[in-house]
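K.L.:
Listed below, chain by chain, are the residues.
2 protein chains.
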Amino acid sequence: MDKINVGKHISGKFNEELEAVRNRVLSMGGLVEQQLQDALSAVEAFDEPLADKVLSSDHKVNALEVSIDEACVQIIAKRQPAASDLRLVIAILKTIADLERIGDEAERIAKVAKESFNNDQQQFLVSLENLGQQVLGMLHRVLDAFARMDLEAAYEVHQQDEQADRQYEALTRQLMTYMMEDPRAIPKIMNVLWSARSLERIGDRCQNIAEYIIFFVKGKDVRHVSAESIERTVKGKQGS
Amino acid sequence: MDKINVGKHISGKFNEELEAVRNRVLSMGGLVEQQLQDALSAVEAFDEPLADKVLSSDHKVNALEVSIDEACVQIIAKRQPAASDLRLVIAILKTIADLERIGDEAERIAKVAKESFNNDQQQFLVSLENLGQQVLGMLHRVLDAFARMDLEAAYEVHQQDEQADRQYEALTRQLMTYMMEDPRAIPKIMNVLWSARSLERIGDRCQNIAEYIIFFVKGKDVRHVSAESIERTVKGKQGS
Chain V
1 MDKINVGKHI
11 SGKFNEELEA
21 VRNRVLSMGG
31 LVEQQLQDAL
41 SAVEAFDEPL
51 ADKVLSSDHK
61 VNALEVSIDE
71 ACVQIIAKRQ
81 PAASDLRLVI
91 AILKTIADLE
101 RIGDEAERIA
111 KVAKESFNND
121 QQQFLVSLEN
131 LGQQVLGMLH
141 RVLDAFARMD
151 LEAAYEVHQQ
161 DEQADRQYEA
171 LTRQLMTYMM
181 EDPRAIPKIM
191 NVLWSARSLE
201 RIGDRCQNIA
211 EYIIFFVKGK
221 DVRHVSAESI
231 ERTVKGKQGS
Chain D
1001 MDKINVGKHI
1011 SGKFNEELEA
1021 VRNRVLSMGG
1031 LVEQQLQDAL
1041 SAVEAFDEPL
1051 ADKVLSSDHK
1061 VNALEVSIDE
1071 ACVQIIAKRQ
1081 PAASDLRLVI
1091 AILKTIADLE
1101 RIGDEAERIA
1111 KVAKESFNND
1121 QQQFLVSLEN
1131 LGQQVLGMLH
1141 RVLDAFARMD
1151 LEAAYEVHQQ
1161 DEQADRQYEA
1171 LTRQLMTYMM
1181 EDPRAIPKIM
1191 NVLWSARSLE
1201 RIGDRCQNIA
1211 EYIIFFVKGK
1221 DVRHVSAESI
1231 ERTVKGKQGS
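Quick mapping for you: the protein sequence lines, in order, are chains V and D.
For the first sequence, the numbering used here gives the first residue as 1, with consecutive numbering after it.
For the second sequence, the numbering used here gives the first residue as 1001, with consecutive numbering after it.
There may be inaccurate statements among the hints.
With a Cα cut of at most 30 angstroms, we get these calculated BS3-like pairs of lysine-lysine [what the hints assert, rightly or not]:
hint, chain 1, residue 1, chain 2, residue 2
1, V, Lys94, D, Lys1114
2, V, Lys235, V, Lys13
3, D, Lys1053, V, Lys78
Covered by chain D, according to a simulated footprint, are these stretches of chain V (three or more residues, beta-carbon under 8 angstroms) [unchecked claim]:
hint, segment
4, 84-95
5, 116-127
6, 132-144
7, 153-164
8, 213-225
In case anyone wonders, no lab produced these hints; they're calculated from the structure.
Note that the structure is a prediction, hence the values are computed from the model and not measured.
Beta carbons are placed, not taken as given, at the ideal position from N, Cα and C, and that holds for glycine.
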């Protein structure tokens, strides 16, 4: 993992603590990415044991969230960080909350792999693949951007969410058409729809994490601002 | 608003700052509660102007989230809070994130009120009322618990989410039956289903806020723990 510039500290111990917490966020991110990848593979291959693996790794993600959260609060209390150090701790606190919820969505997707679909119904699941790969790619890239606190990479992920949203909307329309054509399949198709919704939400959460990275690097909160304003912040045309 | 015991500070100014932030969280909570109430009324009465009001108050909620967030970071940097003061600031940071997302869900519900439903289709919307009132009640009570940092009240809200989840599941099954009976109405019914899902998520977020209150009062993170363990923490049978 690249070392990022987390400010110059009198205490080498403080540096170590921050690095250790950052490493644990990356482990948590890796675990959640694996959950999503496994959930998508489980759905694609109707692989029930793999789906169970996703469901059973939930407690590891939860435990990491709680322990990283605690470590952050400890650092604030003991080290009284300021400026970019404090921003890093805040960015970590928020990132792990989103990661935990991405894990929850991956579980919801994995549960669909445990439902039985007959041959005719498998087409419903196939429709998830594109959106799934798109969102998995966003998660991978935003974790990579987090590891390097890479502003440009974060901004790219931020922009990709629009495409994921469009794909999700097209998928929803398609699934509703299937429902109208075969009303008896509605309960099955609803499960696929919930998975599509979960994927869309994971995209949103990747966008959130991209915003925390921008907040850390630029010191500016870019939630709820226009696309132009985010671009100005990232490209540094406005004060950083 | 009741004053809560936020620790004894050498600086009266610090007390004032914490109180001011707490007041703003309650304003934000009031605004979001109003959004949800208006969204539900708009759906019930097909009141499009009221739905527009919900949609247009979004930027106020967002601005409050960003400014409270900033104030919390300032307090951490300037006042270096420890123990229960720090827990309060952390609880506030997390609470406003959930409140903002409750506002987003209220907007999603309000949008449904802007769709046109014919006389036959109005029965779909009626089915939202019970769950809507249940979740609105949870939001009201958890904000009240937050204002007083009332452990028992927070715990009650935490337990109520199970009932909301059951109500949501029954509602989902009912709406799927409507779909199978009248496939042409599927797109309309889907909108109602998304609203039901939004309500269920709002219940989850109220439960989150209850957990932050328990964290503040008891100093213990009760996310991802068993119902029995939460009860022990709240009832103080285990070390607080």
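K.L.:
If a hint holds in the structure, say so; if it doesn't, say that too.
P.N.:
Here is what the structure says about each hint:
1. Restraint check for V:Lys94 and D:Lys1114: the C-alpha separation of about 34 angstroms exceeds 30 angstroms, so the hint is violated.
2. With a C-alpha separation of about 34 angstroms, the suggested pair V:Lys235 and V:Lys13 falls outside the 30 angstroms cut-off, and the hint is violated.
3. Restraint check: the Cα-Cα separation between D:Lys1053 and V:Lys78 comes to about 45 angstroms, which exceeds 30 angstroms; the hinted pair is violated.
4. Look at the segment 84-95 of chain V against chain D: 5 of its residues bring a Cβ nearer than 8 angstroms to a Cβ of that chain, three or more, so the hint holds.
5. As drawn, the segment 116-127 of chain V meets chain D at 0 residues by the rule of a beta-carbon pair under 8 angstroms; below three, the given contact is violated.
6. Given a C-beta distance limit of less than 8 angstroms, the hint that chain D covers the segment 132-144 of chain V is violated, as 0 residues qualify and 3 are needed.
7. Under the rule that three or more residues need a Cβ within less than 8 angstroms of chain D, the assignment of the segment 153-164 of chain V is violated, with 0 such residues.
8. Counting residues of the segment 213-225 of chain V whose beta carbon lies closer than 8 angstroms to any beta carbon of chain D gives 3, which meets the minimum of three for the stated coverage.
Hint violations for this structure: numbers 1, 2, 3, 5, 6 and 7, all remaining hints satisfied.
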